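**Student:** Produce the complete structure using the sequences and hints provided.
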Amino acid sequence: MIKEEGHIGLLEATVLVYAILSAKLFMQAPGFLIEAGGPAAWQAALVMTAAGLLLLLPVGALARRFPGQGLPQIAEAVGGPVLGSLFSLYVLAWLFATTANSLRNFTEVYIGTILPNTPPSVLTFVALFCMAYGSYRGLESVGRATQVLLPVILAGIVLVLVFSMPRLQLSRLYPFWGHGLVYTVSGGAYNAGLLAEAIVVLILAYSLRDAKNVRKAGMLGVALFGLLSALTCAVLVMIFGAPDAAQQPFPLFNLSQLVYLGRFMQRTEALIVMFWFFNVAVRLIVLFHALVVTLTGMLRLPYHRPVIFPMAVLLFSTSLLPEDTLVVLRIMRDWLTPSGLGILFVPFLLLALALIRGKGVQSHAA
Amino acid sequence: MRRRRLAAFLLVLMLAFPLAGCWDRSELEEEAFVLAIGVDKGKQSLYTVSFAIAHPSRLAGGGKGGGGGGGGGDEKPLVLTSVEAPTVAGAISMANSYLSRRVSLRHTKALFMGEELARQSGMFTMDEFVRFRQARRTIFYIVTKGKAADFLEKMKPTLEKDPQRYIEQMTYSVRHTGMVPAASQIQQYVTLVNTGYAQPITYYAALHEEGEEQSGKGTTQTEGYKAGELPRKGGANVDLLGGAAFRNEKMVGVLTGEDMRMILMLQDKFRRGIVSIPDPSKPDLFVSLEIHQGRPLRIDANLSGPKPRIHATVTLEGELLTVQSNADYTEPELQTKLEQATVGALEQRMRSLISKTQQWDTDVIGFGQEVVKQFPTVEAWERYRWQDWYKTAEISADVRFTLRRFGKQLSPPRPREQ
Amino acid sequence: MKRWQWLKDLLDPTAGSAGQLFTLGDRGDQPAVETTGPVLLADAQTRAEGVLTHIDNLLGAQDQGKKAMEQAGDLSASLDENVERLKKLFRMPDNKDLIIRDLQVATQPPTRAVVCFMEGLTDKIVINEHILQPLMLLAHLDHHVGSEGESGRTQFSVETVMQRLLPGHQTTEKYDMASISESLLAGDTVLFFENTKTALAVETKAPPGRSVGEPKAEQVVQGPQDAFVEAWRVNVALVRRRLKDPRVVTDILTVGRVSKNYVGMMYIDGIANPKVIAEVRRRVEAIDVDVVNGSGPLEQYIEDSPSSMLPGALTTERPDRTAAYLSEGNVALLADNSPYALIVPVTFWSLLQTAEDYYLRYPFGSFIRYIRLIALLITILVPSLYIAVVNYHHEMIPTELMLFIASSRENVPLPALVELILMDLTFELIREAGTRIPNVIGPTVGLVASLVLGQAAVEAKLISPLMVLIVAVTGLASFAIPHYVTSYGVRAWRFFVLAGAALLGFYGMAAAVFIMVLYVSGLRSFGVPFLTPVAPMRAQTSDAITRHPLYKMEQRPSYARPLDKQRQEEVVRTWDPMAPEPEKGGKS
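Protein chains in written order, with our numbering: chain A, 9 to 374; chain B, 8 to 425; chain C, 219 to 806.
By construction, these hints were calculated from the structure, which means they are not laboratory data. Fair warning: this is a prediction, and the values are worked out from it, not measured in the lab. Among the hints, erroneous ones may be present.
Taking lysine-lysine and the DSBU-like style, the derived pairs with C-alpha atoms no more than 30 Å apart in a straight line are [as the list claims (entries may be wrong)]: (1) A:K220 <-> C:K783; (2) C:K679 <-> B:K168; (3) B:K289 <-> B:K415; (4) B:K344 <-> B:K415.
**Tutor:** Here it is in structure tokens:
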């Protein structure tokens, strides 16, 4: 396995999964949910969470069968060199596309909101430096740093929601069923692809000491994210109204611009955006690290550090490929989300294959 | 060793690039902060946009020497300038050509629109404020009687130096008088228009010209005035009273202070205010009460018949402030009489307000927000088209009023001879 | 005549100064063999003699058993030869520190002996009264009763001297020159005897030093005021009087080839984890340098990453803190000639704690800890916050304040960043000058600095008044960090975050802070992650920030993996102030 890598515990893993997913709340994820569900976006969010949790169930069994190993090793053990590599390649490609898209998206958010004149390459470079440094330091440091920064990360969302409370108008949540239950459920299930980054917990399963923590961490992180995204969608709809909120590329940023509590607490969105940086940085670092680890596992290299620099360069150039902001959004909505659904089926398929072929450590009597 | 030195040199060279031009950095004294924008119909171009720019040293009192503020008081703390331009963004770029500092909308607090423009073509300039990064949705949206440029120029607050602080403080008066809209920032406006459950109301401000005889309505009430028509003298020369009712983008009517109050009661946002009604025992004298909200508002909407029927129940409580006759309203029968008189007066005002809004065909009160709860899906709601039904709907309002407190005196003090 | 000569020399172009000035004259090359040769040769000669004698002794002791083999050193039987070797080793007669005195031991028959000691390191009274006097004067009072009952004066032998004649409380037998010179340099007195291959070393150490005084850098208001001194024995004693447990172990290690500095390693056997002890020993013994001057260099030789911003070991000059850490399972290193103890392993939160937190009640202890944490955040973040807000995010400032700043900055020619750096550098200058200045004129500088620099700069319109306030608050906050070295690291970080804020506003600031947190999270101190117990999270009443009531802290902090976790009973306060003792009459 990969040397020089430490161990992380259950709490750190949960926090990492949560941080990865919740960074999407600052971008367009609530917008997609509101587009799908209208005033019933919160229901779509809950459906999405349920779908994601269901699809994550096999992760625990897989981790128990192959203790101390990550996704590339499991895929190879289960599927043999060809099929296993195909699985790993699929996950790798999707992860790469997501990371590049996230990187670009995140840069666009910051340029669009608080730093209008800075060229994107500068911000991308800074973000990539953080990612490379984090991956260099190892997962353990990242887990610990996230735990230390957890209050700040949570405050980034909770503060915005709490300070917007004076503007809530319950009547905007009606009509209650949005565009109709069928529409809501299908939209929510489609958007379950937004949860696909939770596969990271399987990729990094080797660093968790206890195998059953893998599933717990993944599911807890997803559940927490689901709850928070339902809350965010509800608040956004209650404040902006469904048609308007679906048309905003950065709904939470608009919300933070609206914070107006008397004479003193006004126009504090720059500060809140700074809190978001920690969340997004954790997301990017962990995604990058998962990418590096997958590649290292596929190529059966003993150390992951040499892969960091080339991967960073590749990401830099790929992230600058889309022409404008809207292309980035469309890529996320039309390509990454459905293929994300496919990613969520991967643990299921791997487990089925493992059961059929009888690979892996059979768990002794519970 | 040499390689390391070369690497260090390259690193320093790389650092020089970001240091040479920090793209977003600007010092505070390089920017001209616009505190308020005024938009009017333009002669040569689509709009006349006025900028009220803060002059820091006059406004803030400056650093050293003469800390007593703008000594003479004749120096205005704002710099006003108007530009004719097709859009507000265009106006910004034109203003940059003659102002030494870069125009920045980051501290803009209010948007004033002239009434003429509001009635005619309305607010499709709103998109600018929603889309442009520097402008924010918390800008107050105020319609002015007359031209906004005149308003900005002549506005002169007395208790504050900063006109924008003055405006901001004025909007807080909703908490104790209830005669202005509960909130009228661009945010509320855009959301209401976009979702269509109700129609927006904005602040309405007017300059008060001294020395004009107010023939006006001749009401003896304290609240039934529109902005600009208050019979008064002295104080700041701005009346921020009542509201401007909109239907989608266009302004359709002006609401008086008492209309505004009724609207707030029907919106469940009324906090407290002072009402004066004719004394039921002696109709040419008056009683003043301070009323505030009791129970939350209840609205029953019935859409089954040919016309939608809406019934609102408002529960209020009150405190007696002034009694001019010698009726002792602390006695139970007289108390009931007073309560009923109050109820009657309030219900009558509500009726007049509702008929006014139905006449203008705009649901500013917000009954649509109650009606929408009866529809299961968005498609059903949009098929129903509430805004078309509003004109013909049967809307009635019930007021329940209880007198709770009577001040420090029970029976009014009267001369012994009576 | 002399004056004429001087004038001639002055005007003479050929008389260069080269011949008259003193230079080392070697142009950086290695010293010539002629100078180094004799010294090395003499050393080698002495050592060769020693080795030859050693071989002789070993051969002689071959058939006499194991103990004799061990005792075979390189002393010869001849007293004069030994003393000659000693003199050559210690460069006598050039070196006047070593004193050699002949005497005769009053045994039957009288034996010649030589007493050697280093003047200045030894106690003269002990030597006169407890070594010279018993041997020279009182030995004849000792009578030996033989196996048949006859009595007579004592015969001479080294055992007799050690057991019956020499009242020195620590007397050891020495067999070779190396250990003899070590003892001499430590301050012992060494005795050589005629016809004996054994020498005796008597402990008479009395090095110069100061007495126990007040702590200079770690003061508390309500607590003990004694601090460590340079003599490490005294330091160990100061710690031992607080931990009266036989399990407290002091091990002595020596570091430095030339300095041979003593380092006392203290730990509590049974609480401290053996792995930590072994690791500390391994690292200290691996030091192979000439001079280790005290705990400062020692720390740099043994910590995990000497190039990190934060220290890897805690230095403290308070014995009560040391005792507290020892009782939690840490290991303390007390280096001679250094009034600071090194405590390993250490976590980040220990660097922010003081002894005072424990002497106060727990709400107040927690309160001052929070204040310190806020001070830490202020030190790192406030200047960057100011720059980011004033240069990039103007909308965050309330409008009135913003207008005031803009108007006051209209007259200042420098951009905000340059102003801040200028003020910062001035502040650092004041701080450094204040530390180096002699005590006599110290207060004057403080006055000058604060009045002249701050106020006058504002008057001269070089700096806006808000900037002075910010720099002053930041500087003050950095003083609230109790550990001296940490405050340097924190201040260095401040510039890193400032660079981020100056380049990219809040984004750059957040990136810099994040990188900083990542860096600190990856640090380890002797295997313990630096940010324990916040991350990794340890659930028990963690003592990092909030201080819990003393009677609730039943377990030791686990980051050092102590062997015995429980340090208090579950219920410490078994009595209730409201309820009197039942069934025991007479007590109220």
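**Student:** Would you mind marking each hint as holding or not holding in the structure?
**Tutor:** Here is how each hint holds up against the structure:
For a cut-off of 30 Å, the pair hint linking K220 (chain A) to K783 (chain C) stands: about 28 Å separates their Cα positions. Distance check on the hinted pair: K679 (chain C) and K168 (chain B) sit about 26 Å apart at the alpha-carbon level, within 30 Å; holds. Simply put, K289 (chain B) and K415 (chain B) have alpha-carbon atoms about 23 Å apart, close enough for the 30 Å limit, and the pair holds. Proximity of K344 (chain B) to K415 (chain B) is assessed by CA-CA distance (about 21 Å); at most 30 Å being required, the pair is judged to hold.
Taken one by one, the earlier hints all hold for this structure without exception.
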